[in-house]
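Put together the whole structure using the sequences plus the hints.
For the sequence shown, position 11 (counting from the first letter as 1) is numbered 11 according to the working numbering, and the numbering increases by one without interruption.
Misleading hints may appear alongside valid ones.
What the hints assert, rightly or not - DEER-style ranges, computed between Cβ atoms:
1. Thr95 / Thr26: 29 to 35 Å
2. Thr134 / Gly44: 44 to 50 Å
3. Ile21 / Val131: 15 to 21 Å
4. Ser137 / Lys103: 18 to 24 Å
5. Leu15 / Thr129: 48 to 54 Å
6. Leu15 / Gly144: 29 to 35 Å
7. Glu19 / Gly74: 30 to 36 Å
8. Gly44 / Pro96: 46 to 52 Å
9. Thr109 / Glu41: 27 to 33 Å
10. Glu108 / Thr26: 47 to 53 Å
11. Glu41 / Val131: 18 to 24 Å
12. Ser117 / Gly22: 26 to 32 Å
Stated by the list, open to error - Straight-line C-alpha distance at most 20 Å; calculated SDA-like pairs for lysine to any residue:
13. Lys79 / His90
14. Lys46 / Gly74
15. Lys79 / Thr134
16. Lys103 / Pro152
17. Lys79 / Gln20
18. Lys79 / Pro125
19. Lys46 / Cys87
20. Lys103 / Gly128
21. Lys103 / Gly74
22. Lys79 / Leu115
23. Lys79 / Lys46
24. Lys103 / Leu140
25. Lys79 / Glu108
In short, the hints are calculated from the structure, not lab data. Beta carbons are placed, not taken as given, at the ideal position from N, Cα and C, and that holds for glycine.
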Amino acid sequence: MTNRSEQLVPHFDRLPDPEQIGQMATWLAQAGLESLELTNEAAGLKLLIRVDQTAVAATVPLTGAASQPDDGAGCVAVKTPYFGHLCLVHPLRDTPFAPVGTKVTQGETVALLTLDSLQVPVPAPVSGTVVDVTGQSGALVGYGAAIMQIQPD
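Have a look at this one:
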């Protein structure tokens, strides 16, 4: 029986090329993560990549929607509670969760985040009407990314 982490991280027997490490650092920054550690004790290999999120915030935008301030009209941003690929359309019904103009209630699922087979609901923080959807379906978003705006009731 394999453990879950072995399924998610492929086995490695040599260190990645510098270009590959740079790509991994970019993905970490885009996902809003601070570090990644890969270890192969049998081969005596350990790779630790750390990303300073404050340094990359201005240079590496999150795919989809980065956290955005309220638009000044009293709207509330719906922010992602996790990182993953944004799903704005219900996977079993092919209908959007909450398109512009939809009335939603606080706690109602307005999107999903998917990562491998994990699906995390994105709840509406307030009851109101969806006035803007800024996230792009399928985009990799980080923790706290604003994906839509709700005008509270």
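For each hint, the structure was consulted:
With their beta carbons about 33 Å apart, threonine 95 and threonine 26 fall inside the hinted range of 29 to 35 Å. Range check, threonine 134 to glycine 44: about 46 Å between beta-carbon atoms, so the 44 to 50 Å window is met. A C-beta distance of roughly 41 Å is found between isoleucine 21 and valine 131, which places it outside the suggested range of 15 to 21 Å. A hinted range of 18 to 24 Å holds for the C-beta pair serine 137 and lysine 103, which are about 21 Å apart.
At roughly 52 Å, the beta carbons of leucine 15 and threonine 129 sit within the given window of 48 to 54 Å. Remark: the range hint 29 to 35 Å for leucine 15 to glycine 144 is upheld by a beta-carbon distance near 32 Å. Checked against the hint of 30 to 36 Å, the pair glutamate 19 and glycine 74 fails, with Cβ atoms roughly 46 Å apart. Separation of glycine 44 from proline 96 is about 50 Å and conforms to the stated range, judged on CB atoms against 46 to 52 Å.
At about 41 Å, the beta-carbon gap between threonine 109 and glutamate 41 misses the expected band of 27 to 33 Å. Look at glutamate 108 against threonine 26: about 34 Å separates their beta carbons, and that is not inside 47 to 53 Å. As the Cβ distance of glutamate 41 to valine 131 is approximately 52 Å, the hint placing it in 18 to 24 Å is violated. For the pair serine 117 and glycine 22, the supplied restraint of 26 to 32 Å holds, since their beta-carbon distance comes to about 28 Å.
Among the hinted pairs, lysine 79 with histidine 90 is consistent with the structure: their alpha-carbon atoms are about 18 Å apart, no more than 20 Å. Proximity of lysine 46 to glycine 74 is assessed by CA-CA distance (about 49 Å); at most 20 Å being required, the pair is judged violated. The straight-line distance between the Cα atoms of lysine 79 and threonine 134 is roughly 11 Å, inside the 20 Å bound, and the hint therefore holds. Among the hinted pairs, lysine 103 with proline 152 is consistent with the structure: their alpha-carbon atoms are about 10 Å apart, no more than 20 Å.
Between the alpha carbons of lysine 79 and glutamine 20 the distance comes to roughly 30 Å, so the proposed pair goes past 20 Å and is violated. For the hint pairing lysine 79 with proline 125, the CA-to-CA distance comes to about 8 Å; that is within 20 Å, so the pair holds. The hinted pair formed by lysine 46 and cysteine 87 fails the criterion: a straight-line CA distance of about 34 Å is larger than 20 Å. For a cut-off of 20 Å, the pair hint linking lysine 103 to glycine 128 stands: about 6 Å separates their Cα positions.
Distance restraint check for lysine 103 and glycine 74: the Cα-Cα separation of roughly 16 Å lies within the 20 Å cut-off, and the hinted pair is therefore satisfied. Of the supplied pair hints, the one linking lysine 79 and leucine 115 holds, its CA atoms being roughly 17 Å apart against a limit of 20 Å. Note on lysine 79 and lysine 46: the hinted pairing is violated, with a Cα-Cα distance of about 34 Å set against a maximum of 20 Å. This hinted pair does not check out: lysine 103 and leucine 140 have alpha carbons roughly 26 Å apart, beyond 20 Å.
Between lysine 79 and glutamate 108, the direct Cα distance comes to roughly 13 Å. Compliance with the 20 Å bound is thereby established for this hinted pair.
The structure fails to meet hints 3, 7, 9, 10, 11, 14, 17, 19, 23 and 24 from the earlier list, while all remaining hints are met.
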